[in-house]
Amino acid sequence: MSVLAEVSGNVTAIGYGLAAIGPGIGVGIIFGQGVQAIARQPEAYGLIRQNMLLGFVLTEALALIGLVAPFLFANL
Amino acid sequence: MITLTAPAHGDGEFTAPTPNELFDLAPIIPGVEWFTKPVLLAVLSAIIVIGLTWAAFSKPKLVPRGMQNVVEYGYMFVRDQVARPFLGKDADRFMGLLLTLFFLVLVWNLMGVVPIAQFPVASHIAFPAVLAISIYVLKIYLGIKHQGAGGYFKNMMFPPGLPKPIYLLLSPIEFLSNMIIAPFTHAVRLFANMFAGHMLLAFFSMVGFWFLFEKLTPLGAGVGVVGVVMTIIFTGFEIFIQFLQAFLFAMLASMYIGGSLHAEH
Amino acid sequence: MWSIPSYLLAGMAIYGGIGWLLDRWLDTSAFFPIGTVLGLVLAGYLAYRKFSR
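Residue numbers (numbering that gives the first Met the number 0), protein chains in the order written: chain S, 0 to 75; chain U, 0 to 264; chain X, 0 to 52.
Think of the hints as simulated: they come from the structure by calculation, not from any bench. Note that the structure is predicted; figures quoted are calculated from it, not measured. The C-beta atom is built at its ideal place from N, Cα and C for all residues, glycine as well. Accuracy of the hints is not assured; some may be wrong.
Label-pair ranges, simulated between beta-carbon atoms [stated by the list, open to error]:
hint, chain 1, residue 1, chain 2, residue 2, range
1, X, T27, U, F174, 25 to 33 Å
2, U, A25, S, V2, 36 to 44 Å
3, U, I232, X, W24, 54 to 62 Å
Based on the sequences and whatever the hints tell you, model everything.
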């Protein structure tokens with residue numbers, strides 16, 4: 000079986016690039032829906048902001064784990 | 000024109016511009032090693048900013064006319080969007096600094112799309128780093144002066160409203176984030192945006208030039224036209240990003256200064 | 000608001016660093032990921048408590 004295609008260079012950079020797709024879409028959805036909710040009911044701004052922040056922190060954590068993953072799994 | 004694109008001749012094939020040939024520029028006066036194009040552009044943008052504000056505000060009139068009218072728009076923008084939201088009543092003290100930061104970074108960035116001088120000065124890490132480090136030193140100095148040496152670090156690391164035992168676990172995080180990561184991201188945000196934008200513009204214009212002028216083939220001409228169109232679109236997008244990054248740099252500087260004047264709540 | 004990713008990164012760096020040092024001292028290889036995840040959780044908690052009250 001011969002090699003058909005080959006990726007050379009730093010694979011971790013590709014890994015991080017792929018890992019940033021999901022959280023990117025997730026954060027976009029969170030803040031998009033948050034802005035819509037504020038537009039519908041401006042009195043609820045405090046409540047909406049609290050939940051937006053919570054969702055953002057949890058989603059961003061995945062992107063940052065993707066950034067650190069090459070170091071975490073280097074010796075495993 | 001030929002000498003500007005000579006590095007792209009990868010023995011007959013199209014090669015993308017590498018960072019070395021884009022950012023390692025030769026000295027202009029052969030012999031004076033440090034006077035390269037970025038240095039010339041930095042000095043030029045400093046002269047432009049000084050000249051602009053001098054022409055506008057050297058003899059201020061109550062009803063503004065001409066140059067003063069135009070630059071006052073910029074002043075009002077910086078005062079209402081950057082200074083007042085974070086500094087409140089201390090805004091007037093720091094207007095000089097924030098105005099200088101905003102206009103200087105804006106002219107630096109705009110140098111990247113002006114036709115002869117196409118080099119965004121902030122894409123050498125030294126320029127944003129100097130500004131970010133000076134804001135960092137100012138932040139610590141103001142924090143210690145206004146809240147006392149121990150009080151500044153106490154207010155920063157132990158925000159009120161958290162259950163007591165968690166303070167021990169969370170204070171190193173607060174300290175590291177505020178003291179070390181903040182100036183680093185302040186500089187790197189500007190640098191990375193300008194660096195990536197410059198690389199993208201160079202790549203697309205190289206595509207356009209190569210496929211339309213260097214090796215004109217019937218199939219390649221379409222790619223060349225796409226390259227030119229993308230260059231035009233990206234230049235427009237890049238101007239918007241440059242303005243946004245200048246605004247963001249000034250706003251973060253104002254936020255850091257405001258955070259050390261009154262304690263974080 | 001603007002510094003939430005920097006809180007998360009700082010938490011991961013500190014507790015990941017502590018975990019790494021523990022690994023070197025005890026010759027294990029598990030404390031580093033545990034420390035990193037723990038730092039992430041703590042920093043997330045700090046960001047939540049600080050910015051939404």
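Here is how each hint holds up against the structure:
Taken as a hint, the range 25 to 33 Å holds for the pair X:T27 and U:F174, whose Cβ atoms sit roughly 27 Å apart. For the pair U:A25 and S:V2, the beta carbons lie near 41 Å from each other, so the given range of 36 to 44 Å is met. In this structure the supplied range 54 to 62 Å holds for U:I232 paired with X:W24, their Cβ-Cβ distance being about 55 Å.
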